[in-house]
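For the record, the sequence lines run as chains A and B.
So for the first sequence, the numbering used here puts the first residue at 1; every next one is plus one.
So for the second sequence, the numbering used here puts the first residue at 387; every next one is plus one.
Keep in mind the hints are simulated off the structure, nothing from the lab.
Virtual Cβ for every residue (Gly too), placed ideally from N, Cα, C.
Worth double-checking, as some hints may not be accurate.
Said to hold, decoys possible - So, partial list: chain B residues that the calculated Cβ filter (under 7 Å) puts toward chain A:
(1) Gln412
(2) Gly546
(3) Thr547
(4) Gly603
(5) Gly627
(6) Lys628
(7) Thr629
(8) Arg634
(9) Val664
(10) Val665
(11) Leu668
(12) Ser669
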Amino acid sequence: MKLLEYEGKDVFARYGIPTLKRCGVIRIGDSPDGLALDGKGPWVVKAQVLAGGRGKAGGVKLAKTAAETREVAGKMLGMKLVTHQTQGKALTVEEVLVEEACDIAREIYISVVLDRRAGAPSVIASAEGGMSIEELAAGHPEKIIRVPVDAEAGLLEFQARQLAFDLKIPKKNFSDFTEFAKSLVRVFIENDASLVEVNPLVLTADEKLVAIDSKIVTDDNALFRHKDQAAKPDHEASDIEREAKGIGINYIGLDGDIGCMVNGAGLAMATLDTVKMAGGDAANFLDVGGGANVEQITKAFQIILKDPKVKAVLVNIFGGIMKCDNIASGVVEASKKVGLAVPLVVRLEGTRVNEGKEILARSGLKLEQADSLWEAAQKAVAAARR
Amino acid sequence: MSILLNKKTKLIVHGFTGAQGSFHAQQCLEYGSDIVGGVTPGKGGAEHLGKPVFNTARDAVKATGADASLIFVPPPYAADSILEAADAGLSVIICITEGIPVMDMVRVKKRLTALRNAGRDVTLVGPNCPGVITPGECKAGIMPGYIHKKGSVGIVSRSGTLTYEAVWQVTSQGLGQSTVVGIGGDPVQGMNFLDALKLFQADPQTEAVIMIGEIGGSAEEDAARYIKKEMTKPVFGFVAGKTAPPGRRMGHAGAIVEGGSGTHASKVEALKKAGVTVVDNLSEIGGAVAAKLKPKAKAAGR
Numbered sequence: 001m002k003l004l005e006y007e008g009k010d011v012f013a014r015y016g017i018p019t020l021k022r023c024g025v026i027r028i029g030d031s032p033d034g035l036a037l038d039g040k041g042p043w044v045v046k047a048q049v050l051a052g053g054r055g056k057a058g059g060v061k062l063a064k065t066a067a068e069t070r071e072v073a074g075k076m077l078g079m080k081l082v083t084h085q086t087q088g089k090a091l092t093v094e095e096v097l098v099e100e101a102c103d104i105a106r107e108i109y110i111s112v113v114l115d116r117r118a119g120a121p122s123v124i125a126s127a128e129g130g131m132s133i134e135e136l137a138a139g140h141p142e143k144i145i146r147v148p149v150d151a152e153a154g155l156l157e158f159q160a161r162q163l164a165f166d167l168k169i170p171k172k173n174f175s176d177f178t179e180f181a182k183s184l185v186r187v188f189i190e191n192d193a194s195l196v197e198v199n200p201l202v203l204t205a206d207e208k209l210v211a212i213d214s215k216i217v218t219d220d221n222a223l224f225r226h227k228d229q230a231a232k233p234d235h236e237a238s239d240i241e242r243e244a245k246g247i248g249i250n251y252i253g254l255d256g257d258i259g260c261m262v263n264g265a266g267l268a269m270a271t272l273d274t275v276k277m278a279g280g281d282a283a284n285f286l287d288v289g290g291g292a293n294v295e296q297i298t299k300a301f302q303i304i305l306k307d308p309k310v311k312a313v314l315v316n317i318f319g320g321i322m323k324c325d326n327i328a329s330g331v332v333e334a335s336k337k338v339g340l341a342v343p344l345v346v347r348l349e350g351t352r353v354n355e356g357k358e359i360l361a362r363s364g365l366k367l368e369q370a371d372s373l374w375e376a377a378q379k380a381v382a383a384a385r386r
Numbered sequence: 387m388s389i390l391l392n393k394k395t396k397l398i399v400h401g402f403t404g405a406q407g408s409f410h411a412q413q414c415l416e417y418g419s420d421i422v423g424g425v426t427p428g429k430g431g432a433e434h435l436g437k438p439v440f441n442t443a444r445d446a447v448k449a450t451g452a453d454a455s456l457i458f459v460p461p462p463y464a465a466d467s468i469l470e471a472a473d474a475g476l477s478v479i480i481c482i483t484e485g486i487p488v489m490d491m492v493r494v495k496k497r498l499t500a501l502r503n504a505g506r507d508v509t510l511v512g513p514n515c516p517g518v519i520t521p522g523e524c525k526a527g528i529m530p531g532y533i534h535k536k537g538s539v540g541i542v543s544r545s546g547t548l549t550y551e552a553v554w555q556v557t558s559q560g561l562g563q564s565t566v567v568g569i570g571g572d573p574v575q576g577m578n579f580l581d582a583l584k585l586f587q588a589d590p591q592t593e594a595v596i597m598i599g600e601i602g603g604s605a606e607e608d609a610a611r612y613i614k615k616e617m618t619k620p621v622f623g624f625v626a627g628k629t630a631p632p633g634r635r636m637g638h639a640g641a642i643v644e645g646g647s648g649t650h651a652s653k654v655e656a657l658k659k660a661g662v663t664v665v666d667n668l669s670e671i672g673g674a675v676a677a678k679l680k681p682k683a684k685a686a687g688r
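Pulled out of the complex, with its shape left as it was, chain B reads as follows:
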């Protein structure tokens, strides 16, 4: 088991024929992901990377039975592609695009919430994220595939390269990952820490979870409340931005301390109180997880 993606996942790529879409779709195909086609309006009927191109997401789903979507559409049009994917019935929508206006995401969030309230199974991951990977089964994103290894550590993170750092440390310790989810660095996004933690808690393959947060917003604090109440698996955390000056946007639109909220101190305190092992030094996160999981694996004779 894993979360969000597995070897049965059929992916379609929005913005398939663009430079970014082509490059990363090719990388995903080489990893072994089952990309069944792509969407580029006006190029329906063509073939790209050996896969069919469709004009609309509906056409793509009808012809291929796809259930997940990977979006590389440029910022001004990306919100529309998310909604198109949702309308076409895709249940996992992963949006890589960086730079979507917040107000567009406000509208997207409203519609997705309405669909879910009406009983539709639809989950958005991102935008402005590296994507999702279930090692050895399906890679839907821009992460380097080879650093991952199939295993039992679930990872959820707001930042791309920080995720790779954590993945690499886990792999270097001889452990592996169940699924790695990049939720992205935007202030209004799809899946948040809480949603990912719930999935990892319910996933039998996942034995421990790493969450990589950063300053801004209150998603880490919300996650801490859930961890304290419901989570039985060990959680390891790191929060980036301890030394970031308030009021300045540190790259990610969401990474900003405003009016005294979203500070590093408040997040670390909330997570520690919830029983999360928080490392101050990022270089130590892989070792911390290994210290917990390796004796357990030994005892179980693995």
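The following block holds chain A by itself, in its conformation from the complex:
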């Protein structure tokens, strides 16, 4: 799950990581008058969306006076943001964070990531903060510092020192930095994160060390031991995605018009790829899971049909332990239950496949069958175009 900037900073606060002074978070419908702007300013107004590149897209603004800050914050709420990370789609700004701004003397990049090859966390840092780390890694890989971390010991003293020297941290901020780096690694480990990023970490004109942004991604598998996190909404998920999750279906909405119901994540991904190859676009990723019974298939149909873009549905199920005849009966019963009005293409394979096909053929439902994934994808694309 991805945390918004202010949620990440709430976590930072618990670990003593310095951030800018917060003047408030306002949501759509809130009045900017609620912001605590009693300092002398200036202030920084930041759109709380889950995409990098906010600044360039107009989602981060400076304001000199309290009146200007309120105006900017009010205007930013409800604004549509398109950044290089949103794949051309616009995100609506639903929340805005306002903080006291600082004078930046230097920007540093630092993050803790999961190094999959090593099977352990790793600190990634660069003296050149502010810009995107992907660009830096591509252009100047020599400017990136990597420190492997032992997940049980955390960041060791000498590793923190080494980072501070490599990043040329001034003497005055040296011990603040080593404490900060160790805390950042603790945030990663203790919160079951898969990414904790501060870009930039700033040295201010008045020689203070401040994390002026936060990006935290947590591991959904570990939510059972982080009840506070589990209770928070998943900002990235759409309404349909949230609903699907609630009933145990793995669904991700996409841009196309062919609804897909598949068992298994890998086969579901391969189905989307095959639909694309056949000249169409899938409306969703959907894994019904191993127990594809009537109830689960009915729920999956209901979820798929909530998307008004869907013009045809492709069911691709490999019957293993769950036999094809049972799955076929499930598909028939579920289509009747939901009153399926769009064309349906079904491809079954596996245990008792002939019995399954027979059940589908005799169901009286208007559906097409396919023998292979490729044939199914072509039929679904043709059906959606009719």
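Let chain A serve as the given structure and place chain B on it in line with the hints.
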């Protein structure tokens, strides 16, 4: 020959008496796997599916001489079961459990690496995988047994149902499998492609290998380097997730394109450069393998 499992393998099942463990252990027994017992703390001394239940993995190994373990324990406790199995001396540990926190697997990986460095023979397969099967000899997992056929194609895959798809195509072509290994879809896992390829390369029964990858991580690229340098057997590949949007987790925790790495294009390119026959259309993988192996079998008079 085969890899990881054969007809002599003695299996114990962790989470033996639970719903998942019971159902799949029964299926494995029906396939002919030699399950010699199970582990459920607190139920030691009982009998389940006609096999003894033990409180600890150590007790189970001592009483039965088991050498492999199959784990169905729920996510919060599964990492501990893997470590318990390793501690009890089991050399092949297959963990089916889906949803183990990554940080738990980081700790597991560290301990298993330490054991191996100390000279212990221990291999973890999974977690979040369908398991391992050596057709006609031993099934340790949740895959449907009947789709498999004894043969010469080794299969290694990150995804469950995609593995079945590949197995079924191979079987439908009249060919069979030496061993099929599901390595699972998690970002931190036991055996990876590279480890499985090394075993298949060394296995005399295996004549060709299918590897089914997916987006995320760099395991396919690592495997490509090995294939180019060391592998003499033909390798056929497919990579799922060509059309997956970046930054979204496609079901498997490991199937996610992050910061431009782990993309479909980079994996396919690396594999092709290494001489792997990569199919764009999954429906063609069985045919591709048959085109290579069947003329060879004919020439050898089989």
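Okay, the hints, checked on the actual structure:
no.	hint	verdict
1	Gln412	violated (11 Å)
2	Gly546	holds (5 Å)
3	Thr547	holds (3 Å)
4	Gly603	holds (5 Å)
5	Gly627	holds (5 Å)
6	Lys628	holds (4 Å)
7	Thr629	holds (5 Å)
8	Arg634	holds (6 Å)
9	Val664	violated (13 Å)
10	Val665	violated (11 Å)
11	Leu668	holds (5 Å)
12	Ser669	holds (4 Å)
The earlier numbered hints that this structure contradicts are 1, 9, 10.
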